[in-house]
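The whole structure should be built from the sequences, with the hints applied where relevant.
Top to bottom, those sequences are chains A and B.
So for the first sequence, my numbering puts the first residue at 1; every next one is plus one.
So for the second sequence, my numbering puts the first residue at 185; every next one is plus one.
Note that these hints are calculated values from the structure, not bench results.
In this text the structure is predicted, and so the values were computed from the model without any measurement.
Careful, some of the hints might be misleading.
To be verified - Okay, the calculated beta carbon distance ranges per label pair:
1. B:G349 to A:R132: 31 to 37 Å
2. A:H138 to B:Q267: 28 to 34 Å
3. A:G78 to B:A351: 36 to 42 Å
4. B:A351 to A:E77: 25 to 31 Å
5. A:D58 to B:T298: 30 to 36 Å
6. B:A296 to A:Q165: 49 to 55 Å
7. B:N274 to A:Q123: 43 to 49 Å
What the hints assert, rightly or not - Covered by chain B, per the in silico footprint, the following chain A stretches (three or more residues, Cβ under 8 Å):
8. 33-46
9. 76-86
10. 93-100
To be verified - Examples of chain B residues toward chain A, derived with CB under 7 Å:
11. N269
12. I289
13. A293
14. M294
15. A296
16. G297
17. Q299
18. G305
19. R314
20. L318
21. R320
22. S322
23. Y325
From the three backbone atoms N, C-alpha and C, an ideal C-beta is built for every residue, glycine too.
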Amino acid sequence: MPRIRTGMDDRPHLAKGAFADQLAEELRSGRASGQPTIYEQEFPTGNLRVTVIWDRWDRLPLEERTGVILQAYEQAEGAAFRDRIALASGLTAPEAHAAGMLPVQVIAALRRDDEVTNEACQQAMLDEGASRLLGKEHPQLRFATLEEAEAARQRLIKKLPHSEQVWLITQDVGSTEGFATEEP
Amino acid sequence: MPRRLLDRCEPDSIGQFRIAARQRFNDGLALATAGQRTGAIYLWGYSAEMMVKAAYFSLIGIAPTATITWSGDLRPAILRGRQMNILWPNQGEGHNIRAWIDLLISVRAMSAGTQYSPRFGLELQRRGQRLEYLWRESLRYRKNCAYQDEVRQAREATEWILVNGKAL
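Here it is in C-alpha cells:
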C-alpha cells in the first residue's frame with residue numbers, strides 16, 4: 001500500500017513581478033510623499049507589522065498583497081529583515097480609512113480670488129498621494145496623524161506659491177460603533 | 185424524555201469552540217464527499233473561526249470552560265482590534281476570520297513569550313486571507329455552487345488551522 005508523506009509548506013509565499021519590483025524601489029527611494037505610504041510598526045519583540053497603503057492594491061486579493069510586500073522587502077532589505085515581519089497587510093486608501101488608519105485629511109478650500117486653480121490643487125494633492133478611490137472627482141488626501149498632514153500641507157504650499165490659505169486640515173470624529181450591544 | 189438538541193448544548197467556551205471546530209470540519213468533509221461543495225465551505229469557515237477565537241481567548245487568559253459572551257468577550261476583542269487599526273468591517277464583524285487572525289498575531293507579537301515565529305504568523309495570516317476570499321457567514325443565503333478548486337482551497341486552509349491548533 002502506498003504510504004505518502006508530505007510536509008506542511010511553511011516557506012514564505014513571495015510574489016514576484018512588477019508590483020514587488022515597484023514596491024521594492026519605493027522602499028529604497030524613501031520618498032517623502034506620494035503613494036504608497038509604508039507604515040512599519042515595531043513590536044517590543046523586534047518584530048514588525050508592515051502596512052502598505054496603496055491604491056494600486058485595488059482588485060488584488062489580500063493574500064497576494066502580502067506576498068508582494070514580503071517579496072519587496074526581501075529585494076530591498078534582505079531576507080533577514082523580511083523575516084522580522086510578523087504581519088504584512090496591503091490596504092487601499094479606502095480600506096485604510098475604514099480601518100481607522102487615516103483620520104486626518106488635507107482639503108483645498110478654494111475661494112474665487114485665490115491665485116491657484118482647482119486643477120492645480122488637485123494635481124498637487126495627487127502628487128502628494130491623494131486617493132482617487134476615495135473620490136474620483138475629488139481625490140482625498142488622508143494621513144494617520146496631524147504631523148503627517150501638516151508636513152504635507154507645507155509641501156503643498158511650497159509647490160503652489162500663494163496657496164497658504166487654501167489648505168485646511170480636518171480630522172474625523174470618533175464613530176459610535178462601540179455602542180452596539182447585540183451581535184448582528 | 186430526552187432533552188432537545190438546543191437544551192443539550194453548553195454555553196460558548198474555548199473548550200466548546202475547539203471540540204465543535206473539529207466536528208464541523210468533519211461535517212464539512214461529509215458534505216464535500218457528497219458533492220455539497222458550498223455547504224462544505226460554509227461549515228469549514230466556522231471551523232476555522234472557532235479555532236482562532238479559541239486561540240485568542242486562551243491567549244488573553246480566559247479559562248477553557250469559562251462562558252464567552254458577545255458583550256463581555258467578543259465585542260471587546262473586536263474593538264481592541266479596531267483600536268489596533270486592523271481592518272475590521274462592520275458587516276459580519278463577529279465572523280471575520282482574517283481580522284481575528286490579524287488580532288491574534290498582533291497581540292501575540294507584543295510579548296517575546298507569546299510571539300509566533302514570523303514565518304508561522306505569516307502562514308497563519310495567509311490562511312486567513314485565503315478563507316476571507318472564499319468564505320462569509322452570509323454564504324448560507326447564496327445558491328451558487330462552489331468550484332472544486334475552491335473546496336480544495338478552503339479545506340486546506342481550515343485543515344492547516346486545525347492541525348496547528350495547539351500552536352495557535
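Okay, the hints, checked on the actual structure:
1. B:G349 to A:R132: 31 to 37 Å: Cβ of G349 (chain B) to Cβ of R132 (chain A): about 43 Å, so the range 31 to 37 Å is violated.
2. A:H138 to B:Q267: 28 to 34 Å: 29 Å, holds
3. A:G78 to B:A351: 36 to 42 Å: With a Cβ separation near 27 Å, G78 (chain A) and A351 (chain B) fall outside 36 to 42 Å, so the hint is violated.
4. B:A351 to A:E77: 25 to 31 Å: 27 Å, holds
5. A:D58 to B:T298: 30 to 36 Å: Roughly 35 Å apart at Cβ, these two residues keep to the hinted range, so it holds.
6. B:A296 to A:Q165: 49 to 55 Å: 51 Å, holds
7. B:N274 to A:Q123: 43 to 49 Å: Hint violated: Cβ distance 35 Å, outside 43 to 49 Å.
8. 33-46: holds (count 3)
9. 76-86: Per the Cβ count (4), the hint holds.
10. 93-100: holds (count 5)
11. N269: Status holds, d = 5 Å.
12. I289: OK, holds: I289 (chain B) within 7 Å of chain A, min 5 Å.
13. A293: 4 Å, holds
14. M294: It holds, given that the least Cβ distance between M294 (chain B) and chain A is near 6 Å, below 7 Å.
15. A296: At 5 Å from the nearest chain A Cβ, A296 (chain B) passes the 7 Å test, so the hint holds.
16. G297: 9 Å, violated
17. Q299: 5 Å, holds
18. G305: 5 Å, holds
19. R314: It holds, given that the least Cβ distance between R314 (chain B) and chain A is near 6 Å, below 7 Å.
20. L318: At 10 Å from the nearest chain A Cβ, L318 (chain B) fails the 7 Å test, so the hint is violated.
21. R320: R320 (chain B) check fails; min Cβ-Cβ to chain A is 13 Å, beyond 7 Å.
22. S322: 11 Å, violated
23. Y325: 14 Å, violated
Figure legend: structure checked against the earlier numbered hints; hints not met, in rising order: 1, 3, 7, 16, 20, 21, 22, 23.
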